[in-house]
Each structure stands twice: as C-alpha cells, then as structure tokens.
Amino acid sequence: MTHDEQLDHYVLPNYGRYDLWPVRGEGARVWDRDGKEYLDCASGVSVCPIGHCHPAVVSTITEQAKTLIHVSNWYCIDKQAELAEILTEQVVRIPGKNFFSNSGAEANEGLLKLARRYAVQVRGIAKPRIVTFTGSFHGRTMGAMFATAQQKIWGDFGFTPDELGYLHRPFNDIAALKQTFADHDDIAAILVEPIQGESGVNAVTPEFLRAVQQLCREHKALLLLDEVQCSFGRAGEMCGWRSIIPGDEIQPDGISWAKAIGSGYPLGAFWARDVAMPGTDAKLCDLLGPGSHGTTYGGSPLACAVGLATLHTIFKEDLCAQAKELGSHIAGSVRDWQHPLIKEVRQHGLFIGFQLDHEAIEAKTSGKVASIFLARKLLDAGLMTVPAGPHVIRWLPPLTLTVAEAVEALTIQKAVLDALL
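Going by our numbering, the sequence shown opens with residue 99, and the numbers climb by one from there.
Simulated from the structure, these hints should not be mistaken for lab results.
There may be inaccurate statements among the hints.
Pairs of lysine to aspartate or glutamate, EDC-like flavour, derived with a Cα cap of 16 Å [claimed, not checked]:
#1 K475 - E135
#2 K441 - D455
#3 K466 - D455
Could you put together the complete structure from these sequences and hints?
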C-alpha cells in the first residue's frame, strides 16, 4: 500500500486534512515528500515558537535521550523541578505551583478539576458550575469540549453543557456576566482565553478582563486563564494576558499551557496560585493532593528538558520583543494594502488574524468556506496558514521569523488575494 492508501484504510477520518505530506522542517521552512518548499506561518498551530528543529531542541533531545527518557511520577524528576521554577518565577511571576501534562486539553482538565474540588471542599457547593464564553476552545476531552462554547465541538456526545455544569456566556459582555452571578450562587470559576485563537484571534477587552477578576473576587470564584495558544511570546509577552493588561493588575488563580512550551514535543502544564482559600489556611496550590490527579507521561525528563531548552531560547533571544516588532510590521503592511478582501487585521505580537470579506470570496467560489478555501490557495502558493473559524485566516509563525521571510509571506498572500479579485 502507498502512504495515501494506508492513511485512508487505517487512520480514523476525524481530520479534514489538506493533501500535503511534510517530511522535513528547518526554521520557518517545511518541505513535502515531493520536495516542494513551504514558508510556515502555522507552526503546527502555534506549537513551534523557535522554528522547526532548532539546534537547542535537537541537541537537548539527543543528549537527554542518552541519559533518561522516562521515569514514573512515583519518583522525583530534576528537570520537572527546574521547569516548574522557571514557569513560576520568570513566566507568571506570582507565587504558585505547577502540574505537568501532555497537552492543552489535559491542562484544562486539571484546572477544571481544581475548580470543582475547590467548590466542593472549600465552598460546600455540591454541583458547581463553571462559566466559559462564546467562541472559546478548551480542548476535545470530555470536560474540555463541554467547556468549549461551540456546539459543533460538543454536539452529538450525549450531554448538554448545562448537565455537566458549564454556563456559556457572551464573550466580552460584562452585563451578561454580572447577571449570571446574580442568577447563580454555585459558580466555582470562570475559564477564559485572553485571546481566542480558534474562533478568529478575538481578544478579551481590558474592561471585561477586569470585570471577570472583580466578579471572581466578590463571589469567591476562581479566575482561570486558558493560555494554551497565546503564551510564551506568541502575543508578545510570556503571559498572554499581559498583552491585554500589562503588569500585575490581573492575578489569576490558575493558568493552563501547552503548544509552544515543548517546541513540538508533547508537553502541557497548569499553574495554581499560592494563596489561602476562603475560611482556611490551606493553599489553593496544595488542593490537589496525592491520589487526586495524575498522569503517566506528563513531566517526563525528556519533555521537561525540551521545555527548558525552549524557554531558555525565548528568553535568550528576546523573542517576545521580536514578536511585538515584527507582528506590528506585518499588521501595518496588510492594513496599508487596503485590500478589498480583508476587512480587519487583529494582531497581538505574532498572533495575527485577517478577517476576510467572506461574502465576496464565497461569491467567487460557489459558496466554499472562505477561510478554508483561502488557506488551500495559500498552501498551493507555498504558504502554510491556519483557518480560524469560517471568516479568518490566522498567522502563527515561529517567533524566529525574519523580516525577509515576513516580506516573502506577505508577497505570497497578497498575490493570492489579488488573483481572487
């Protein structure tokens, strides 16, 4: 059988794949099995912050694999301790503790469990609720997908979000959120993405984020931030929420991470704040004690070694600053085009969304979904991008992207858009 036949015959059809078979990557470049070269402005959906096969990552994997790849979490792991310190002291910069998983969905599941245990044990709520927002995406495991406020994600799986304790509310709507707390006294937490990626690079407004924190404090609910896609320099800051409100005004109780933390090696994590819980001297970060949560592979020596190499490189090369500068240049260039097929540019660092005139594109393509159609055309032209909902093309290039590569990507995108006029 050919690889095409094997994929069709033996692999579940749950992905709508483009017919592209990558076999090699270097920096911001990818080559397919036919030798065609692509400029990668997708980065595995924000997973490769320092590009493909960065020397620091390659050497770390090679050397750590010679020493110790895996050991059970029954034992103490030095690289896990080192990575946890960096996440707390240099990334979050707020006292707390970390748990290591394999993915963003798992990290969010951990936060959801933390919130529910907090509500049951500390606040005495028998069936706690968690608030999330329209346009969100928190993963595809059972808890995370029902937390996701998109019916296409959780529909046809036998439950409704309400049955599982989730309240979906309008994103950036302060009045609706206040009314939710007025209507319910059993809310354990709010889970919010500072920048929603999957629905179109939609950022929380500063006013809404402040209101979320205030309501959580007033009602003894936890403030949980899903930073799986927007952290580690993607939005120009190590913590995505600081691209919305700089400094330490926002003090989350929990944060989830994945994607960029491992440069493509499976690694996720969540952080819980070192803060006393209401009515007790016990700390929130100690609530999930032995037996309450766990993982076989999460936080392995190899995974954490790669995480350390990734974060050290981001700090050493000042990639947050580069993301801000280059992202602003890219967004400004596209705005200067005043292209009739682009209605809006949304940009936070190198987290960039191009809102398409989907009606104009669909009119020319017999009703094809604008973002998917354009991503296919860009791929044919040698540029890898990511659809974000039906109307937005998302750029998530490596933070190491050069100005010359950015100009090349812009040239390709403009030529493809011009050809549709």
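Broken hints, by number: Nothing - there is no hint that the structure violates, so all of them hold.
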